[in-house]
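404 is the number that the working numbering gives the last residue of the sequence shown; the numbers go up by one with no jumps.
Rather than coming from a laboratory, the hints here were simulated on the basis of the structure. The beta-carbon is built from N, C-alpha and C at its ideal position, and this holds for glycine as well. Errors might be hidden in some of the hints.
[As the list claims (entries may be wrong)] Each pair of labels, with its calculated beta carbon distance range:
(1) 228 to 33: 17 to 23 angstroms
(2) 32 to 204: 30 to 36 angstroms
(3) 89 to 153: 37 to 43 angstroms
(4) 33 to 237: 20 to 26 angstroms
(5) 198 to 295: 26 to 32 angstroms
(6) 177 to 357: 46 to 52 angstroms
(7) 295 to 258: 45 to 51 angstroms
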Amino acid sequence: MPLALLALTLSAFAIGTTEFVIVGLLPTIAHDLAVDLPSAGLLVSLYALGVAIGAPLLTALTGKLPRKQLLLGLMVVFTLGNLLAWQAPGYESLIVARIVTGLAHGVFFSIGSTLATGLVAKEKAASAIAIMFSGLTVALVTGVPMGTWIGQQFGWRETFLAVSALGIIAFIGSLLFVPRAISHTPPAAVLQQLTVLTQPRLLLVYAITALGYGGTFTAFTFLAPLLQDISGFSAGAVSLVLLVYGVSVAVGNIWGGKLADRHGPVVALKLIFLMLAAVLLALSVTASNPWLTLLIVLLWGAVAFGNVPGLQLYVVRLAERYVPQAVDVASGLNIAAFNLGIAGGAWAGGLIVANLGLIHTPWIGALIVVLALLLTAWSGRLDRRDPDVAQARPAGTELAADPS
């Protein structure tokens, strides 16, 4: 496996930790800053909005920059954003810090996905994306539980200080291992790149992405208070449950990539969305039983992020077919769609908590995932009318060397 891909994975680990550790810290931050849970949940939503803005817009504006210099600059912004969160005097300044960090996140994963597919052979494209995104899953396995534990033991501010150290390590990894001259397709003009938004097939996949993640994060954003208030876990045990979730996510991410490689993204996505909806429905029934909840969380992790490789590969294939001059931006818009879903799901979850209660977040999330499943089936039908989509070569693979 190319060392450059491992460097991307290292950066994804640092970014994934800061994105998801907030979930385990919500009760602590809400108490310390004297805000309610829905307000604390906005720290998830507004971070995701920063990603959504940064992914398409800043990816387009930075298209002419050398890839390595851009990656290094992004890790500098990421580290500074977390240092700002560490020193944030109040709720509003913490929001600013989260948005700044989210902007760097969006551009990183926009260019990272297409670079990952360009480092391997076509038939390994989904697996390459899965390996890069495994940085997120490893963050869920180790970074999020450890960050949650640090926040509970020493204060949530120290968690962000620790994440800043991860940013420095990721910067060093990129500096050492990412090649200085990374070939990429010369960017088109910004307005031409934004023609991506005029392609109905891509817009459909973006809707699938947003709904799939909106359903997940309607429940996941408030997992820590649900575990404490309904399932009866202690605050210290929450970090252990998140560890179980993260281990399962790591397995599910790789499984999802292999499934997409073997059967195609549409088949993989339909199966994963079906399983995800079933798990969220089950959580609504079993949440009051801690042992059953632990089992459901284990199953939830296996399918929650397994759709990432398939969704990214699907977008890259469709972009190569319909907007070959703007594949990076198309990929970036899918990162935006992921995070619009996260933002919308966290916001909807906050409304549900405020008006209905914590226990209602999983089953409502399941209904949202069902909508993503129905749109995936529709998109698959459209693909059968255009067989060239299945044969489209992901952008950048003409530079790939077969690692076998």
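Against the structure, the hints come out as follows:
The hinted window of 17 to 23 angstroms between residue 228 and residue 33 holds, with their beta carbons roughly 18 angstroms apart. Look at residue 32 against residue 204: about 42 angstroms separates their beta carbons, and that is not inside 30 to 36 angstroms. Distance hint for residue 89 and residue 153: a CB-CB separation of about 22 angstroms, inconsistent with the stated range 37 to 43 angstroms. Separation of residue 33 from residue 237 is about 24 angstroms and conforms to the stated range, judged on CB atoms against 20 to 26 angstroms.
Checked against the given bound of 26 to 32 angstroms, the beta carbons of residue 198 and residue 295, roughly 46 angstroms apart, lie outside it. Between residue 177 and residue 357 the Cβ separation comes to about 48 angstroms, which falls inside the hinted range of 46 to 52 angstroms. For the hinted restraint 45 to 51 angstroms between residue 295 and residue 258, the CB-CB distance of approximately 24 angstroms leaves it violated.
When each numbered hint is compared with the structure, violations occur for hints 2, 3, 5 and 7.
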